[in-house]
Amino acid sequence: MTELNELTLAEARDGLRAKDFSARELAQAHIAALEKARALNAYLLETPDRALAMAEVSDAKIAKGEGRPLEGLPLGIKDLFCTHGVVTTAGSKILEGFEPHYESAVTHNLWRDGAVMLGKLNLDEFAMGSSNETSAYGNVISPWRRNGSDAPIVPGGSSGGSAAAVAAHLCLGATATDTGGSIRQPAAFTGTVGIKPTYGRCSRWGTVAFASSLDQAGPIARTVRDCAILLGSMAGPDARDTTCVDLPVPDFEAAVSRGVKGLTIGIPKEYRVDGMPAEIQRLWDQGAEWLRAAGAEIREISLPNTRYALPAYYIVAPAEASSNLARYDGVRYGLRVPGKDIVGMYENTRAAGFGREVKRRIMIGTYVLSAGYYDAYYVRAQKIRTLIKRDFEAVYAAGVDAILTPATPSSAFAIGEKASADPVEMYLNDVFTVTVNMAGLPGIAVPAGLDAQGLPLGLQLIGRPFDEETLFATAQAIEDAAGRMSLPRAWWA
Amino acid sequence: MSVDAQTVRRIAHLARIAVSEADVAPLQGELNAILAFVEQLGAVDVANVEPMTSVTPMAMKKRADVITDGDRAQEVVANAPETEDHYFIVPKVVE
Chain A
238 MTELNELTLA EARDGLRAKD FSARELAQAH IAALEKARAL NAYLLETPDR ALAMAEVSDA
298 KIAKGEGRPL EGLPLGIKDL FCTHGVVTTA GSKILEGFEP HYESAVTHNL WRDGAVMLGK
358 LNLDEFAMGS SNETSAYGNV ISPWRRNGSD APIVPGGSSG GSAAAVAAHL CLGATATDTG
418 GSIRQPAAFT GTVGIKPTYG RCSRWGTVAF ASSLDQAGPI ARTVRDCAIL LGSMAGPDAR
478 DTTCVDLPVP DFEAAVSRGV KGLTIGIPKE YRVDGMPAEI QRLWDQGAEW LRAAGAEIRE
538 ISLPNTRYAL PAYYIVAPAE ASSNLARYDG VRYGLRVPGK DIVGMYENTR AAGFGREVKR
598 RIMIGTYVLS AGYYDAYYVR AQKIRTLIKR DFEAVYAAGV DAILTPATPS SAFAIGEKAS
658 ADPVEMYLND VFTVTVNMAG LPGIAVPAGL DAQGLPLGLQ LIGRPFDEET LFATAQAIED
718 AAGRMSLPRA WWA
Chain B
24 MSVDAQTVRR IAHLARIAVS EADVAPLQGE LNAILAFVEQ LGAVDVANVE PMTSVTPMAM
84 KKRADVITDG DRAQEVVANA PETEDHYFIV PKVVE
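Quick mapping for you: the protein sequence lines, in order, are chains A and B. Going by this note's numbering, the first residue of the first sequence is number 238, and it counts up by one from there. Going by this note's numbering, the first residue of the second sequence is number 24, and it counts up by one from there.
Hints were generated in silico from the structure; no laboratory data involved. Computed from a prediction, not measured in an experiment: that's the story for all the values here. A few of these clues could be false.
The calculated DMTMM-like cross-link candidates involving lysine to aspartate or glutamate, where the alpha carbons are at most 25 Å apart (straight line), are [as the list claims (entries may be wrong)]:
#, chain 1, residue 1, chain 2, residue 2
1, A, 655, B, 73
2, A, 620, B, 98
3, A, 256, A, 333
4, A, 256, A, 578
5, A, 577, B, 46
6, A, 655, A, 387
7, B, 85, A, 478
8, A, 506, B, 62
9, A, 620, B, 105
10, A, 330, B, 73
11, A, 330, A, 272
12, B, 115, A, 630
13, A, 330, B, 46
14, A, 577, B, 62
15, A, 301, A, 336
16, B, 84, A, 303
17, B, 84, A, 578
18, B, 84, A, 387
19, A, 330, B, 44
20, B, 115, A, 272
21, B, 84, A, 257
22, A, 330, B, 98
23, A, 577, A, 566
24, B, 84, B, 73
25, A, 498, A, 522
26, B, 85, A, 303
27, A, 298, A, 257
28, B, 85, A, 654
29, A, 577, B, 98
30, A, 577, B, 94
31, A, 620, B, 92
32, A, 655, B, 105
33, A, 620, A, 507
34, B, 84, A, 704
35, A, 506, B, 68
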């Protein structure tokens with residue numbers, strides 16, 4: 238028999254509605270699974286009492302026939318979302334013990350719809366990283382291993398805890414955030430599905446800010462349908478975030494079964510980067526073939542400014558981060574380290590509270606915004622962003638409905654394998670995902686196969702603004718053709 | 024463009040991050056690696072291109088200028104390292 242925590246979110250929802258099991262039983266199955274999986278370090282904080290209390294409310298609602306859309310479904314929450322009365326750290330020492338007196342808009346929407354909170358998930362510090370190795374609270378270990386090896390593998394990042402927890406069946410789905418690839422890259426590394434919706438689809442209110450013009454929340458789950466269900470609850474207008482759009486939330490789940498007949502899928506030639514492993518190229522070709530077989534038209538397209546997206550991102554994102562992270566000054570919340578005067582207190586607090594990658598990015602951001610460099614770096618990068626966006630607008634205007642690319646330039650690597658002195662080596666992980674954030678578009682990563690080492694590989698689909706529905710339909714066609722990813726058995730339990 | 028050790032110290036001070044002397048050289052190397060990576064942007068022709076100011080084409084929402092929240096002084100200071108009577112306490116700044 239399938240354990241309750243191994244059901245998909247949709248199966249669990251339907252099972253609860255049919256009263257095959259209770260929300261309490263479903264929560265307990267997850268609590269037992271995550272207690273046995275502490276070696277993965279996916280959860281920074283487990284909230285079993287809260288989970289059981291929420292599940293009891295759900296069981297009462299279901300008994301009365303008043304079940305809400307996510308009634309009784311246990312989720313993990315990336316520790317970047319502020320949760321009322323539950324410690325929120327952003328993976329940083331500087332926020333150790335911070336207990337918000339408010340609830341983020343996204344998690345509020347999930348609880349409004351009946352979901353159950355299992356705990357807070359590990360992440361790269363302030364979501365800055367691609368391997369979950371920058372967390373102040375330790376690495377997350379992927380449930381995946383290479384064939385014949387027990388070397389610990391990274392789950393990707395920054396939403397590494399979210400991706401690992403979903404892949405290891407420690408929740409039915411998880412919240413995540415994506416500034417340059419932080420939903421899609423870990424999803425690809427762990428054989429899970431992750432969607433970064435269009436910028437403005439989900440409210441950023443109450444989510445710890447990294448780079449405000451790029452940050453966007455989205456779900457990671459085990460199937461395309463599960464992601465569609467979760468996004469339907471996470472998204473929606475919010476007056477408290479002026480960049481959150483006043484658009485009704487479509488029925489994403491209905492879009493999942495639309496099919497791809499008549500759609501035009503673009504294959505951008507600029508994504509064929511030097512040194513791309515042959516198996517990634519093969520997988521990409523295979524993905525195009527699957528979509529053609531399902532009735533889509535495949536068209537080669539050009540996005541000429543693609544190669545400038547990553548360097549421009551490493552100006553825009555640190556610039557915005559240096560401004561956003563100025564608030565951690567030892568005065569209003571979090572850590573304080575004394576100094577000889579107030580400036581000394583600020584400097585000592587931030588030196589002790591921030592990790593190396595965060596300091597590096599704050600300093601780059603400070604430099605590119607400083608007098609004399611602002612036009613040469615920041616304004617130029619924002620102009621290049623306009624060019625990147627125009628590339629996409631041109632292909633969409635020419636009739637392309639969605640764009641198919643690899644999700645990552647390689648499969649997951651081992652912990653410590655990319656710890657070289659050159660930070661750019663790690664940044665290159667996001668080469669295929671970052672363009673999407675720069676242009677504010679929706680992007681989904683969907684598992685498509687395994688590499689020769691037995692690690693998962695994913696494909697990415699990029700859509701028109703506010704057309705996540707086409708992404709769900711197209712990603713479902715890939716999931717159907719590739720077959721549901723068979724996740725690792727629990728070697729950690 | 025690359026930064027020298029003196030510039031690293033200046034940036035660190037602007038960013039209000041204490042940096043030990045031993046950390047200056049490694050940071051200098053890391054920052055220069057990033058600056059070398061972004062150098063290629065200099066080759067892009069950006070003449071007559073407007074910088075992006077809005078990710079999605081939408082007018083910024085505005086709300087009525089009315090009080091919508093307040094009376095939460097205790098919650099506002101609840102996470103502060105040091106407070107007194109709903110004030111944040113900082114080291115003395117005026118002699």
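- Query: For the pair supplied as a hint, residue 84(B) and residue 704(A), is the alpha-carbon distance within the 25 Å limit?
  - Reply: holds (21 Å)
- Hinted pair residue 330(A) and residue 46(B), Cα distance within 25 Å: holds (20 Å)
- Verify the proposed pairing of residue 298(A) with residue 257(A), using a straight-line Cα cut of 25 Å. holds (15 Å)
- Hint consistency between residue 301(A) and residue 336(A) [alpha-carbon to alpha-carbon, up to 25 Å]: violated (34 Å)
- Is the Cα-Cα distance between residue 620(A) and residue 98(B) 25 Å or less? Violated, at about 41 Å.
- Item | Restraint status (C-alpha distance of residue 506(A) to residue 62(B) at most 25 Å) | holds (24 Å)
- Distance restraint between residue 85(B) and residue 654(A), which requires alpha-carbon spacing of 25 Å or less: violated (48 Å)
- Item | Proposed proximity, residue 62(B) with residue 577(A) (alpha carbon, max 25 Å) | Answer violated: residue 577(A) to residue 62(B) is near 39 Å, above 25 Å.
- Is residue 330(A) close enough to residue 272(A), meaning Cα to Cα at most 25 Å? Given that 25 Å is the threshold and the Cα spacing comes to 24 Å, the pair holds.
- Task: Below or equal to 25 Å on CA atoms is what counts here, so check residue 256(A) against residue 578(A).
- Result: violated (63 Å)
- Task: Verify the proposed pairing of residue 85(B) with residue 478(A), using a straight-line Cα cut of 25 Å.
- Result: holds (10 Å)
- Message: Holds or violated: residue 655(A) and residue 387(A), Cα atoms, limit 25 Å.
- Response: holds (18 Å)
Checked against the numbered hints above, the structure breaks hints 1, 2, 3, 4, 9, 10, 12, 14, 15, 16, 17, 18, 20, 21, 26, 28, 29, 30, 31, 32 and satisfies the rest.
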